[in-house]
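Residue 1 is where the sequence shown starts when you use the working numbering, and the numbers rise one by one after that.
Simulated from the structure, these hints should not be mistaken for lab results.
Among the hints, erroneous ones may be present.
To be verified - Below, in silico cross-link-like pairs of lysine-lysine (BS3-like), each with a Cα-Cα straight-line distance of 27 angstroms or less:
{"no.": "1", "residue 1": "Lys-41", "residue 2": "Lys-23"}
{"no.": "2", "residue 1": "Lys-111", "residue 2": "Lys-98"}
{"no.": "3", "residue 1": "Lys-43", "residue 2": "Lys-23"}
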Amino acid sequence: TDPRYSCQREFALKHIPNDPLFKLVSQIYTVAPGILLEHGKTKNPWPNVDAHSGVLLSAYGLVEQDFYTVLFGVSRGLGVLSQLIWDRALGMPLERPKSYSTAAIKAMYSKK
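Take the sequences, apply the hints, and build the full model.
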């Protein structure tokens with residue numbers, strides 16, 4: 001199980017144990033992994049942080065689900081930024097991923 005999921009689950013057990021959505025996620029957490037493993041549908045049937053975060057956001061008043069993706073994106077961006085800061089602090093080289101111009105991409109796919 002994703003350790004972030006476990007932390008959120010412990011938090012929810014302490015603070016919102018009677019929330020209907022939390023109860024639903026808990027039931028799925030109990031039942032789904034066994035079924036998925038039994039039917040060979042996945043290698044890792046255990047929930048990740050995304051299985052819980054929406055329940056917590058809803059329980060604490062953020063019910064506009066359109067904003068959930070924004071929050072998830074911002075949190076990922078902050079994670080990348082913190083890694084960049086550590087890289088600079090430790091003197092690691094700049095990462096320069098390959099990039100292609102639009103013309104190069106068109107040329108690659110026009111050959112197919």
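Comparing the hints with the structure gives:
{"no.": "1", "hint": "Lys-41 with Lys-23", "result": "holds (24 angstroms)"}
{"no.": "2", "hint": "Lys-111 with Lys-98", "result": "holds (20 angstroms)"}
{"no.": "3", "hint": "Lys-43 with Lys-23", "result": "holds (25 angstroms)"}
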